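Here the structure of chain S is known, so what remains is to put chains C and P in place on it, guided by the hints.
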Amino acid sequence: MKSQKTQSAINTYLKETGGWVASQLEACTRCGICAEACHFYQALGNPEYAPIWKLEPLRRAYEQRFTVAGKLKLALGLEKRLADSDLEHWSKIVYEACTVCNKCAHVCPMGIQLGPLIHEVRAGMAAAGVVPADLAEATEKQKTIGSPLGVTDEMWRERIDWITDEWEAQIPVDKAGAESLVVFTSIELMKFPDNLAAIAKILNRAGENWTVSSTGREVVNFGYFEADEELTRLFMYRVFKAAEELGVKRIIISECGHAYDAFRWAAPNMMKVPKGVDIAHISEYIHHLWKTGRIKLKEGAFDGETITFHDSCKIQRRGGIIKQPRELLRVLAPKSFKEMTPNKEQSLCCGGGGGVISIKEADANRYAVFEMKIEQLQEVQAKAVCMVCSNCRLQFVDSVGHFNLPVKVHGLAELVSRALL
Amino acid sequence: MNWTNILNFSRGPLLHVAMIIFVAGLSYRLVRVLLLGWARDRAKNKGSKLWGVIVNYLKGLFVLPFIPWVRRTFRHNELTFIAGGLFHLSLFLVLVFGTAHILVWKSLWGFGWKGLPTPILAFFSAVGIISMIVLLINRLTHPVLKMLTKFPVWINWLVVFLPMITGFIMARHLWFRYEVIFSLHLISVSLLLIWIPFGRISHFLFYFFSKTIHGAQAGKRAVTP
Amino acid sequence: MKEKTIYEHLREKGLSRRDFMKLCGTIAGMMGLEFVPPVKALGKTLGQSPEEVVAQALKTKPKVPIIWLEFQDCAGCSEAISRSSSPLLSNLVLNDIAIEYHETLMAAAGFQAEKAKEECMKQFFGKYVLVVEGSPTLADDGIYCTVAGKSNLDLLKEAAAGAAAVIATGNCACFGGIPAAHPNPTRAVGVAELIKDKPVVNIPGCPAIPEVTTGTILHFLIMGQLPETDQLKRPLPFYGNTVHDHCLRRPFYEAGKFAGSFDDEGARKGYCLYKLGCKGPTTYNACAGLKWERGLSYPVQSGHPCLGCSEPHFWDGGGFYQGQSAPIIRLDKGSTANLVGVGVAAGAALAGLNAVKKSRAKKDLRKDQSQAPGSEPGSKKEG
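Just so you know, the sequences run in chain order S, C and P. Position 275 of the first sequence, counted from 1, bears residue number 275 in the UniProt record's numbering, the numbering being contiguous throughout. Position 3 of the second sequence, counted from 1, bears residue number 3 in the UniProt record's numbering, the numbering being contiguous throughout. Position 279 of the third sequence, counted from 1, bears residue number 279 in the UniProt record's numbering, the numbering being contiguous throughout.
For the record, the hints were derived by calculation from the structure and aren't laboratory data. All values derive from a computational prediction rather than experimental measurement. For every residue, glycine included, the Cβ atom is placed at its ideal position computed from N, Cα and C. Incorrect hints may have been included.
As the list claims (entries may be wrong) - 27 Å max Cα-Cα, derived DSS-like pairs, lysine-lysine:
1) Lys49/C x Lys344/S
2) Lys114/C x Lys257/P
3) Lys241/S x Lys175/S
4) Lys233/P x Lys127/P
5) Lys367/P x Lys143/S
6) Lys46/C x Lys323/S
What the hints assert, rightly or not - Not the full set, but computed from the structure, chain P residues with beta-carbon under 7 Å of chain C:
7) Ala57
8) Thr60
9) Ile328
What the hints assert, rightly or not - What follows is a set of in silico ranges between Cβ atoms, one per label pair, in the way DEER data are often shown:
10) Ala255/P x Leu108/C: 24 to 30 Å
11) Phe62/C x Gly293/S: 38 to 44 Å
12) His173/C x Arg360/P: 56 to 62 Å
13) Lys363/P x Met190/S: 58 to 64 Å
14) Ala267/P x Ala39/C: 55 to 61 Å
15) Asp84/S x His173/C: 56 to 62 Å
16) Gln378/S x Lys146/C: 50 to 56 Å
The following block holds chain S by itself, in its conformation from the complex:
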């Protein structure tokens, strides 16, 4: 049965289907190689987790509405129109078994951008309102309260004050005329305050003129997880507005992958962005500070236990910040830093990104995926692992606890701050 919500989904697909989407859908040869790249398919063996299968609603909407071949298939009864049940079925697949990590695109012999296309599939789901309840709830919280974790303005202030006291790190709030606006995630604020404090310390040591904003205080974008265009825009708008009001030159995205992806690559294409404001990820900015000599690091501060680096899908594979964290780690732990394989743009996703970690029903999925990560960790006998994404870090911390692993999980900023000279 096709209802109003399915119609909204189809309308979204039609709206999003330009030549960019269509040419890639046409290019697929049904070879199935993308399945071998997908950590969810690899870990769980469900053929429906094959990335190309996740595009099925988009492909069907496109072919049935825009192409003669698709209409022919309908007429011959080879294919059915999209129905509510289809949306619900695929909603579980695209939200609970996909981190939009885009590894499949690097494996696809045709180079199809499966990640962004799955994002479009999610957009239809969001328009139809067929989003997993947990994810929808968090999004709603971000819309009304301002943070997916439900951090209210007061809580935020209290927390910032507490961190300032506890770690003795100055955190300027709403400082007009600052050069950099640093936007943190609620995850850092609530679960990894050490990381937040570390970033503050590093920036202070470098003499950076920076601030945080009490209005644009959340960098995480649950609208982007959901792929709801309006909400994505709204959440970014809050930050951009704050940046304009404070008159900053750059927005520094703290350790969050999806947020970086949204601000750096998606925002200019979907909304008005303030002119002359750079978007930088904290890891590339710390690297920049170190490279320009504004901070000095103690060489070999973490030599000893084997430490490895986890590449995040949105920051490394889709963000290109590949060599900066490595250069830093080679300074911090020249002897004991070891690479996992595969790494860099071919790395294996943590399994918690793309909103998966916020969905309770997907827990089994992400633990199964993490077992592959454990194998990787054990291959290099890592005692510690470092990363530049709070979402990954949350998944690591949670899963390491779940599996009782003797592995320490660090944020890169935290390591850098401890090695500051």
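Okay, now just chains C and P, sitting in the frame of chain S:
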């Protein structure tokens, strides 16, 4: 109706109609996709798009297909990589360096080139046919491929396989009278040409879209594609 | 009066018995009688060798009269017969074994000749062999080819009525030949398409190999029936294999060594002529075995690709020097451009429809979203 007439028919009007459908159909499809509109990407580049595209093509056409085992995913699905690669290689060699095919290109474009020795071509066409059979078995057994393969995909396989097997039998002078198998080869080729604008075999065209997009996306983000 | 047998006739001419047996062997060998199943069977039951079968026939059977008609032709097949590689044999067949009416070769002319033919047809009604050279023409009741005021259709029907068998020699008589080339203005057809009530055998070729024509006549004479034929009514002993099957350049084909032009290194070395348009693989004829000019050579041996002259419609099968695999009808630049134009137009038309659908989808979505709460200023899309 005798086979000489059928041969003349399939070399003449049938192939002609097939080529008409092929050319018109593909340009139709291309234009339909192109005119769906292309949004400009306003995000600032981190790296060079062009460089990404070049590296992507070099890797995709000349490096990775010949050393598929360097990919991690190879281990999960060796058959698709090896048989798929060998199929495309042999298809390329036979179509481009088969003497009979060179004559076709020559009649269409006015110039020809030297072919490969027959035993080499025979070897590769056999490799191509075996790869096709392996790919079929793979498609019949692999859970993901089983699910992805719908009716049109079987047609894809069939219309590619028929010209290959009839061409091989013809070139080796096996079993059939030459004009019979020659006619069958041409009929199957016509079928293939007619089917291409409707099916996914047209990926040889859209490959250049998706491959360029991937290269540009990676290059723009300063990532190795 | 009892008719004289061929043997008696030959003895009268002074042929010794020894020469006669030699001749029988030659005939048997040339006809490939050893491979003709009825002869093999007959020979076995009688305990005779093929030449003994031939001798037996020549000793017991009278001469066979032949009426040779020409329609739309070039007389090339007659020429070929008269300059046959084995003049002895054709001479023998046409003068000693058979008597004939032949418009080109006979000494008589005009009414005399016509009268001779009529008499022959009357006298040997039901016994003579009708050989046709050239294609009958159907258009306008056959007026495009008339002899002595009679249309070729009438002539053919008249002559075929009393024939024991009909032999069509040359591609024109068999399949219409050059006169039937597109657009075939005279509606030339093969003899077999008009004569349905008599046994017809086709000896195609341009011209037909003389030995094949005479061999087929001999076969009829000796066996009393026409040889076994293929689908196109061609005698299997001569048309059982392709020119390619027996080609002396075949090893080069197998090795993939081809002449690229008539004067290149490959051509000088005698490489395969496939690339120069050779139709050998699809051409069934005895060229490579019997050859021409006393077995001297044949086109492929002399460096020219086979034209496929023993096949129907060889004249309309694309250029003679165009590779066989090349399409007959080519898409030239102009028609390709037109086709692309058609495709582009169709694609653009559908794209227009799709654009309409797309904008409607956008409008519907906007309607939905304006009802949804929580839209803030600035969340509006730019542009």
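Hint check:
1. Lys49/C x Lys344/S: holds, 19 Å
2. Lys114/C x Lys257/P: holds, 10 Å
3. Lys241/S x Lys175/S: holds, 14 Å
4. Lys233/P x Lys127/P: Within the cut-off at roughly 21 Å; holds.
5. Lys367/P x Lys143/S: holds, 21 Å
6. Lys46/C x Lys323/S: holds, 13 Å
7. Ala57: violated, 33 Å
8. Thr60: violated, 38 Å
9. Ile328: Holds: closest Cβ of chain C sits about 4 Å from Ile328/P, inside 7 Å.
10. Ala255/P x Leu108/C: 24 to 30 Å: holds, 26 Å
11. Phe62/C x Gly293/S: 38 to 44 Å: At 42 Å between Cβs, range holds.
12. His173/C x Arg360/P: 56 to 62 Å: holds, 60 Å
13. Lys363/P x Met190/S: 58 to 64 Å: violated, 42 Å
14. Ala267/P x Ala39/C: 55 to 61 Å: holds, 59 Å
15. Asp84/S x His173/C: 56 to 62 Å: For His173/C against Asp84/S, whose Cβ atoms are near 60 Å apart, the range 56 to 62 Å holds.
16. Gln378/S x Lys146/C: 50 to 56 Å: About 33 Å separates the Cβ atoms of Gln378/S and Lys146/C, which means 50 to 56 Å is violated.
In summary, the structure is inconsistent with hints 7, 8, 13, 16 from the numbered list given earlier, while agreeing with the others.
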